[in-house]
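Chains as they are written, first to last, in this note's numbering: chain A, 1 to 347; chain B, 1001 to 1347.
Read the hints as simulated data drawn from the structure, not as lab findings.
Nothing here was measured: the structure is a model prediction, and the numbers come from that model.
Warning: the hint list may mix true and false statements.
Said to hold, decoys possible - Here are the computed lysine-lysine pairs in the DSS-like style, where the Cα-Cα straight-line distance is at most 25 Å:
1. Lys1276(B) <-> Lys276(A)
2. Lys1096(B) <-> Lys102(A)
3. Lys105(A) <-> Lys1276(B)
4. Lys1105(B) <-> Lys332(A)
5. Lys164(A) <-> Lys1276(B)
6. Lys96(A) <-> Lys1102(B)
7. Lys1189(B) <-> Lys164(A)
8. Lys96(A) <-> Lys1164(B)
9. Lys1048(B) <-> Lys164(A)
10. Lys164(A) <-> Lys1164(B)
11. Lys1164(B) <-> Lys102(A)
12. Lys1189(B) <-> Lys1102(B)
13. Lys96(A) <-> Lys1096(B)
14. Lys346(A) <-> Lys306(A)
Number of protein chains: 2
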Amino acid sequence: MKNTLQNDLVLRAARGENIERYPVWLMRQAGRILPEYRAVRSSLSGFKELVETPRFAAEVTVQPVDILGVDAAIIFSDILVVPEAMGLEYQMLESKGPWFEKTIKTEEDLKYAEVDFDVEDRLGYVLEAIKLTNQELNGRVPLIGFAGAPWTIFCYMIEGHGSKTFSESRKMLYTNPVLAHNLMDRITKVTIKYLQAQIKAGAHMVQVFDSWAGILGTEQYATFSMPYLKQIADAIQEVPLTIFSKGAMSSLEDIANLDCNTIGLDWNMDIPEFRKVIGDKRTIQGNLDPCALYSTHDEVKKLTNKLLDSFTSKRHIVNLGHGVYPDVDPEKVKTFIQTVKDYAIKY
Amino acid sequence: MKNTLQNDLVLRAARGENIERYPVWLMRQAGRILPEYRAVRSSLSGFKELVETPRFAAEVTVQPVDILGVDAAIIFSDILVVPEAMGLEYQMLESKGPWFEKTIKTEEDLKYAEVDFDVEDRLGYVLEAIKLTNQELNGRVPLIGFAGAPWTIFCYMIEGHGSKTFSESRKMLYTNPVLAHNLMDRITKVTIKYLQAQIKAGAHMVQVFDSWAGILGTEQYATFSMPYLKQIADAIQEVPLTIFSKGAMSSLEDIANLDCNTIGLDWNMDIPEFRKVIGDKRTIQGNLDPCALYSTHDEVKKLTNKLLDSFTSKRHIVNLGHGVYPDVDPEKVKTFIQTVKDYAIKY
Chain A
1 MKNTLQNDLV LRAARGENIE RYPVWLMRQA GRILPEYRAV RSSLSGFKEL
51 VETPRFAAEV TVQPVDILGV DAAIIFSDIL VVPEAMGLEY QMLESKGPWF
101 EKTIKTEEDL KYAEVDFDVE DRLGYVLEAI KLTNQELNGR VPLIGFAGAP
151 WTIFCYMIEG HGSKTFSESR KMLYTNPVLA HNLMDRITKV TIKYLQAQIK
201 AGAHMVQVFD SWAGILGTEQ YATFSMPYLK QIADAIQEVP LTIFSKGAMS
251 SLEDIANLDC NTIGLDWNMD IPEFRKVIGD KRTIQGNLDP CALYSTHDEV
301 KKLTNKLLDS FTSKRHIVNL GHGVYPDVDP EKVKTFIQTV KDYAIKY
Chain B
1001 MKNTLQNDLV LRAARGENIE RYPVWLMRQA GRILPEYRAV RSSLSGFKEL
1051 VETPRFAAEV TVQPVDILGV DAAIIFSDIL VVPEAMGLEY QMLESKGPWF
1101 EKTIKTEEDL KYAEVDFDVE DRLGYVLEAI KLTNQELNGR VPLIGFAGAP
1151 WTIFCYMIEG HGSKTFSESR KMLYTNPVLA HNLMDRITKV TIKYLQAQIK
1201 AGAHMVQVFD SWAGILGTEQ YATFSMPYLK QIADAIQEVP LTIFSKGAMS
1251 SLEDIANLDC NTIGLDWNMD IPEFRKVIGD KRTIQGNLDP CALYSTHDEV
1301 KKLTNKLLDS FTSKRHIVNL GHGVYPDVDP EKVKTFIQTV KDYAIKY
């Protein structure tokens, strides 16, 4: 597959190979900001119909490649397809975000956390969307697959919705660590099968999102997230793997010791500081503040160049430090992307 | 006032003086967890009536001293009384949290961010509650006053409600930094007047809560929060000052350089690591994970002793790393407090 790609910058950067310029893409680039996305979205009954209909998911996945000129596509989907496949159906409520009718509170509830099912059947719609996307991309750029990290998926399965503190989830780590590990183990097994299925379907690279990493202390993160991230990192060997643990500042050194290629940094993390910690053994992805894209075009250019100037290695994939915000002007995103493309690597 | 206190442990710990054991209190100890609080609360029309009625605010402030045996009281109030006094009325919605009808978007809106008003008039109900509380406490323990940090209050004045990203507030830092600094300056002026009025009314110590510190990168925190925290720290000299910047891990060294006595740490921050950064020049407050109180009594004791064993100095005020969660069993809180009281300081 690699050989057929016309632009494989993001893969070379992930592997620490030579690159002629820094590659750039944006988390949440598919959807949200583009009028072309909203046109597709508004013709459907809701977010889930879009996620579950391969031809539409593929269409919005390709849009930012055509319109914004990013160096990678990322499949349009949601991390919550995994808990749903395991037995917990979710709804996406317009103003409230995700909502699960059932949640996991006791050992008994583990019947809603199935492991031994056919991922290619229950999540076939994502795999089909990956295949369709690659057909449409026709090798222009690589396609990134993704999944939520076990700790983050665990939070939704326990809580049933978003939360500022996820105190129900954290409570279980104290009150029933055996059940917590049991559930985390199940999520991990399914996640590995799911990522492998995405790779088989055509994903050229995969990313694991630990969106709620930042609400655990270092020790609990080491106990309840790291072992499962390690299982995933050890299992995914065919394509480059990116781990993005938002807010896990004190765990970055441990994460860099996992068998992954790239570490995502959020916008609060200082790149030169972290580069000192890991040296050149991993690629760093990130991390312009998504709010920087609210600035003027000149300012976006300046802030992007400042970020690029802070790099002391060629092992970088440029991205925002969080998903792009819905009300950002796509023209500002183009300025960000063009500034990265125009930048001459110093190494 | 100090001489009349029977227990001034928390003040001595803040000043780095000798203490016979570590003092302990809990953020949000007044309210939420106590049935005695809920009895008072349910007799009233809502949260705001409680905040605005000095005799009730004083009553729930004293409750944890009587019932839990903490070493300090903290006045029952809300950080949002400051933006309200400045011109933005808020409501406390049962399930949604704080809600402001008006917000600040333009220079024009600064009319809702008044500075030159009589704090003792508009916030007289808090000052009266402080006086009543001290009468009821009768010198048993010190009374802590508090305010939100300018950055955190700014977030509410811009956004009008809570948010996961506070992207509207962060947007203004890029699109209109002049307005942002202007508003921050106004909030700071009022906050200083307000804290000084609390001290004059009888607060023995004050704490500034920068609850949304963690959503800014280090550089923006240095630009948009630190100068205002510095103004506050420089202005408050009569009583010990605590600064609690939740999530501001990379800014802790700068905060420790402010003229304050105590730095609050959230539960994700490693005490020995931070102690190395600041040495013995400041007292550290915190930081048991509030979720640890969901454990068994034995486990609470074990986790509390583990925290205390990690101290390498006597400059500590023991607390949770966040406000106590509403559904925690008060008996577990008592176990936490008793464990701290039974602990023999090694220094």
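Hint check:
1. Lys1276(B) <-> Lys276(A): Answer holds: Lys1276(B) to Lys276(A) is near 19 Å, not above 25 Å.
2. Lys1096(B) <-> Lys102(A): holds (22 Å)
3. Lys105(A) <-> Lys1276(B): With Cα atoms ~40 Å apart, Lys105(A) and Lys1276(B) exceed 25 Å; violated.
4. Lys1105(B) <-> Lys332(A): holds (21 Å)
5. Lys164(A) <-> Lys1276(B): violated (30 Å)
6. Lys96(A) <-> Lys1102(B): holds (22 Å)
7. Lys1189(B) <-> Lys164(A): violated (30 Å)
8. Lys96(A) <-> Lys1164(B): holds (12 Å)
9. Lys1048(B) <-> Lys164(A): Distance ~22 Å between Lys1048(B) and Lys164(A) Cα, so the pair holds.
10. Lys164(A) <-> Lys1164(B): Given that 25 Å is the threshold and the Cα spacing comes to 7 Å, the pair holds.
11. Lys1164(B) <-> Lys102(A): Holds, at about 24 Å.
12. Lys1189(B) <-> Lys1102(B): holds (21 Å)
13. Lys96(A) <-> Lys1096(B): holds (11 Å)
14. Lys346(A) <-> Lys306(A): OK: Lys346(A) and Lys306(A) at ~14 Å, within 25 Å.
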